[in-house]
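S.K.: Construct all of the structure, not just a fragment, from the sequences and the given hints.
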Amino acid sequence: MTSLVLSTATRFLLPLMLLFSLFLLLRGHNDPGGGFVGGLVAATGFVLYALAYGVEAAQRVLRVHPRVLIAIGLLCALGSGALACMSGQPFLTGLWSGYEIPVLGKVGTPLVFDVGVYVMVVGVTLLIIFSLAEE
Amino acid sequence: MELLMIAVIGILFGCGTYLLLQAHLLQIIVGLALFSHGANLALMVSGGLKRGGPPLLTIGAPYADPLPQALILTAIVISFGVTAFALVLAFLTKQVCVSNDVDELAGG
Amino acid sequence: MIDQLFILFVILPVLTAVILFAIGPRSVWQQRASLAVVALLWAFSLYGLVHVLQTGIVVLRMGDWPAPYGIILVADVLSMTMVALTMTIALAVTLFSLPTVDRARQEHFYYPLFFILLMGVNGAFLTGDIFNLFVFFEVLLIASYALMALGSDADQLRETNIYVVLNLIASAVFLLGLAATYRIMGTLNMADLAVKMQAQAENPLLTVLAMVFLFVFGTKAAIFPLYFWLPGPYFPPPAGISAFFGGILTKVGVYAIFRTFTLLFRHDPSFTHELLLALSAATMLFGVLGAISQMDVKRILSYHIISQIGYMILGIGLFTPQALAGALFYIVHHVIVKSALFLISGAVQETTGTTSLKALGGLATRSWFLSALFLVAALSLAGLPPLSGFFSKFIILQAGMHEGRYGYVAIGLLGSFLTLFSMLKIWNGVFWGADRAPTRPAGLRPLLPGVVLLVSLTIGIGLFPSVLYRVVDAAAGQLTDPRVYIEAVLGPQTPGSGILPAERTSQ
Numbered sequence: 286m287t288s289l290v291l292s293t294a295t296r297f298l299l300p301l302m303l304l305f306s307l308f309l310l311l312r313g314h315n316d317p318g319g320g321f322v323g324g325l326v327a328a329t330g331f332v333l334y335a336l337a338y339g340v341e342a343a344q345r346v347l348r349v350h351p352r353v354l355i356a357i358g359l360l361c362a363l364g365s366g367a368l369a370c371m372s373g374q375p376f377l378t379g380l381w382s383g384y385e386i387p388v389l390g391k392v393g394t395p396l397v398f399d400v401g402v403y404v405m406v407v408g409v410t411l412l413i414i415f416s417l418a419e420e
Numbered sequence: 009m010e011l012l013m014i015a016v017i018g019i020l021f022g023c024g025t026y027l028l029l030q031a032h033l034l035q036i037i038v039g040l041a042l043f044s045h046g047a048n049l050a051l052m053v054s055g056g057l058k059r060g061g062p063p064l065l066t067i068g069a070p071y072a073d074p075l076p077q078a079l080i081l082t083a084i085v086i087s088f089g090v091t092a093f094a095l096v097l098a099f100l101t102k103q104v105c106v107s108n109d110v111d112e113l114a115g116g
Numbered sequence: 059m060i061d062q063l064f065i066l067f068v069i070l071p072v073l074t075a076v077i078l079f080a081i082g083p084r085s086v087w088q089q090r091a092s093l094a095v096v097a098l099l100w101a102f103s104l105y106g107l108v109h110v111l112q113t114g115i116v117v118l119r120m121g122d123w124p125a126p127y128g129i130i131l132v133a134d135v136l137s138m139t140m141v142a143l144t145m146t147i148a149l150a151v152t153l154f155s156l157p158t159v160d161r162a163r164q165e166h167f168y169y170p171l172f173f174i175l176l177m178g179v180n181g182a183f184l185t186g187d188i189f190n191l192f193v194f195f196e197v198l199l200i201a202s203y204a205l206m207a208l209g210s211d212a213d214q215l216r217e218t219n220i221y222v223v224l225n226l227i228a229s230a231v232f233l234l235g236l237a238a239t240y241r242i243m244g245t246l247n248m249a250d251l252a253v254k255m256q257a258q259a260e261n262p263l264l265t266v267l268a269m270v271f272l273f274v275f276g277t278k279a280a281i282f283p284l285y286f287w288l289p290g291p292y293f294p295p296p297a298g299i300s301a302f303f304g305g306i307l308t309k310v311g312v313y314a315i316f317r318t319f320t321l322l323f324r325h326d327p328s329f330t331h332e333l334l335l336a337l338s339a340a341t342m343l344f345g346v347l348g349a350i351s352q353m354d355v356k357r358i359l360s361y362h363i364i365s366q367i368g369y370m371i372l373g374i375g376l377f378t379p380q381a382l383a384g385a386l387f388y389i390v391h392h393v394i395v396k397s398a399l400f401l402i403s404g405a406v407q408e409t410t411g412t413t414s415l416k417a418l419g420g421l422a423t424r425s426w427f428l429s430a431l432f433l434v435a436a437l438s439l440a441g442l443p444p445l446s447g448f449f450s451k452f453i454i455l456q457a458g459m460h461e462g463r464y465g466y467v468a469i470g471l472l473g474s475f476l477t478l479f480s481m482l483k484i485w486n487g488v489f490w491g492a493d494r495a496p497t498r499p500a501g502l503r504p505l506l507p508g509v510v511l512l513v514s515l516t517i518g519i520g521l522f523p524s525v526l527y528r529v530v531d532a533a534a535g536q537l538t539d540p541r542v543y544i545e546a547v548l549g550p551q552t553p554g555s556g557i558l559p560a561e562r563t564s565q
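Protein chains in written order, with our numbering: chain A, 286 to 420; chain B, 9 to 116; chain C, 59 to 565.
If you're looking for bench data, these hints aren't it; they were derived computationally from the structure.
Don't take every hint at face value.
Stated by the list, open to error - Okay, the calculated bits of chain B under chain C, using three or more residues with CB under 8 Å as the criterion: (1) 25-36; (2) 42-48; (3) 73-86; (4) 99-112.
Claimed, not checked - Pair by pair, the computed Cβ-Cβ distance ranges are: (5) B/A78 / C/Q112: 31 to 39 Å; (6) C/P504 / A/L380: 41 to 49 Å; (7) B/M52 / C/P504: 49 to 57 Å; (8) A/L291 / C/P499: 56 to 64 Å; (9) A/L303 / C/S85: 51 to 59 Å; (10) A/E385 / B/F88: 35 to 43 Å; (11) B/D109 / C/Y127: 30 to 38 Å; (12) C/P499 / B/M52: 55 to 63 Å; (13) A/L303 / B/D73: 32 to 40 Å; (14) B/A78 / A/A342: 36 to 44 Å; (15) B/D111 / A/L291: 51 to 59 Å; (16) A/L380 / B/R59: 30 to 38 Å; (17) B/I67 / A/L325: 51 to 59 Å.
Positions of the beta carbon are idealized from the N, C-alpha and C atoms, including for glycine.
M.R.: Written out as structure tokens, the structure is:
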């Protein structure tokens, strides 16, 4: 599985795919896209890297164990929901900051939720694929 | 169009049933995957097949029914996870019990 | 504010699972945190039950979306009783798991998986729309597949394959039923469905839907023609898991039948509930006959799950307030006693290495205490007077007498008699006679706290049945009059919108 074309292209494709996945994540609130799709695209990038350089190398590029990503993602998502609980509103109610931030737009708990989904999807997909590839 | 989709669902379930009755564990899992595809298609048809924009306030009517899509997305994620689990299980069974043939498994 | 905390029954288990998953399987905190969280949730579930009894149904609207559109959790007395029951069993099972779950299982995430299972079960009991019932079913099933296969010896893998395939078929049919329901009714929220189904009670498709859902839930609950899968998968896994599966998992199916056949499918009881009655009789009879032919403690207990599910379905089939209360009483009794018996069989397995009647004998001389615990639980299961089993059977069978269903009452009594027979068979095979069982070095004492908790509960219910009866009576009251549930979820309904209280009260 060593192809010069694939390994060279992957070096450029991985950052591009990550960037595209962030784009999908951020436009997801009002347009097609969102954390789920973005996470899948990002995970695909790492899977491509694993195909080109092997699972261990992809693991190194990822830096953290996918298990930790799952935990972080779920904590983000649950935390964004619980925030509403603390202010006495039902779980998962959207809270908005009211400020416009350039690029991000209006920031609120739904964005945090989506980021959580993104991170978790990356973690779950990579955990499944890495552990199957290691067999 | 809906009639066509319903026929497709029927075919998917028919093929799924055929595969389910085979002896090899892998064929059974593929049969189950066909089942879940059929069920997902049924969910899609359940909202009625019609044209419409995305259901967003800024765009307005006529919009497509968003609920079946949400249901399908959930169902797909679930069937993806379960099918992956079933495949790993079949793999493990093959390793531990040496065979993936249902009749042999039942005998052992 | 207290109402909002009910979300914890679903959220806290996931949170615990994720944290346990992330801190790594070797940590000592796996055990400590598990016990702490389960104990906390157990206390809160009891408090929640009292809260619901006092203030009425609690409805949680996720994201503050109004009822028919958003995702809701509804905690009525039935749901909270089931949640409190689940947490009680979870506590006993965790107490039993601490000394018995081996390192290999713990390193393959036994505790996180258990919490995912708890989240699925609690969610299934609390959800207010039928699609999320599907989702929570899948969550608990995925966790149960993994727990069942954990350890992966040949027997376990074989049985898990059967269990997975069967449940996947049921799930596909469940989805088809949901699609059909959405097509016909245009909603999947249970309260909204109840309103719409009452409005078009003449529609013959309703009965079709009822049968589709009966197939799905009947498969999960293991009622008559669909019970063939049950005894196998509950045999190989360790006793803690068998106890939770045998006690709670099949009862999720029974709960779903309860919910759908009291809230939704009440348009034609002369067909649907009559069918439930016939199925219940067959379930009681075949389950108990299956048990008689077995020669292994865990297999006998598994077959008895089937026969006892028959009694619960009998209660739903009779469909009077007293019968529903009796069926619920029966669920509570059955879950506690059945889990206790499975845990005792686990203790026998830990100390001797086997559960086969042929290899065991004379354990009474080794531990009179374990034998006494078994005897109390077994006699309670068979329905002898001062224990919880007597009152639960008495209430259901009395309701049957009121309705003039003497045939079903006779089958119930016969089943009870045969249960006593096979419990005595276990007693004679395992505890009585000369001590000829093999020995393993494992100590018995650390295994007992969970068993003692459950057995003292069955004695407690036997001594003070009126406490539990008040709870199940309140639940049955809410079930026979779906207006309470509907108005709690959707707000006040216009009078005369076609929602009627129970039609089939006794003459």
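S.K.: Each hint needs a verdict: does it hold in this structure or not?
M.R.: Structure-based check of each hint:
1. Only when three residues or more bring their CB closer than 8 Å to a CB of chain C does the claim for the region 25-36 of chain B stand; here the count is 3, and the claim holds.
2. Counting residues of the region 42-48 of chain B whose beta carbon lies closer than 8 Å to any beta carbon of chain C gives 5, which meets the minimum of three for the stated coverage.
3. Counting residues of the region 73-86 of chain B whose beta carbon lies closer than 8 Å to any beta carbon of chain C gives 6, which reaches the threshold of three, so the coverage claim holds.
4. Chain C is given as covering the region 99-112 of chain B, and this holds because 4 residues of the stretch bring a CB closer than 8 Å to a CB of that chain, at least three being needed.
5. Roughly 36 Å separates the CB atoms of B/A78 and C/Q112, a value that falls within the hinted 31 to 39 Å.
6. Between C/P504 and A/L380, the C-beta spacing of about 47 Å keeps the proposed range 41 to 49 Å intact.
7. Hint check: B/M52 to C/P504, Cβ distance near 54 Å, so the stated range 49 to 57 Å holds.
8. As the Cβ distance of A/L291 to C/P499 is approximately 57 Å, the hint placing it in 56 to 64 Å holds.
9. In this structure the supplied range 51 to 59 Å is violated for A/L303 paired with C/S85, their Cβ-Cβ distance being about 32 Å.
10. A hinted range of 35 to 43 Å holds for the C-beta pair A/E385 and B/F88, which are about 37 Å apart.
11. The hint said 30 to 38 Å for the Cβ distance between B/D109 and C/Y127, and at roughly 49 Å that hint is violated.
12. Judged by the Cβ atoms, the range 55 to 63 Å given for C/P499 and B/M52 holds: they are separated by roughly 59 Å.
13. Against the hinted window of 32 to 40 Å, the Cβ-Cβ separation of A/L303 and B/D73 comes to about 34 Å, which satisfies the hint.
14. Distance hint check: the CB atoms of B/A78 and A/A342 are about 38 Å apart, consistent with the given range 36 to 44 Å.
15. For B/D111 and A/L291, the Cβ-Cβ distance of about 43 Å falls outside the hinted range of 51 to 59 Å, so the restraint is violated.
16. Here the CB-CB span from A/L380 to B/R59 is close to 36 Å, well matched to the stated 30 to 38 Å.
17. Distance hint check: the CB atoms of B/I67 and A/L325 are about 25 Å apart, inconsistent with the given range 51 to 59 Å.
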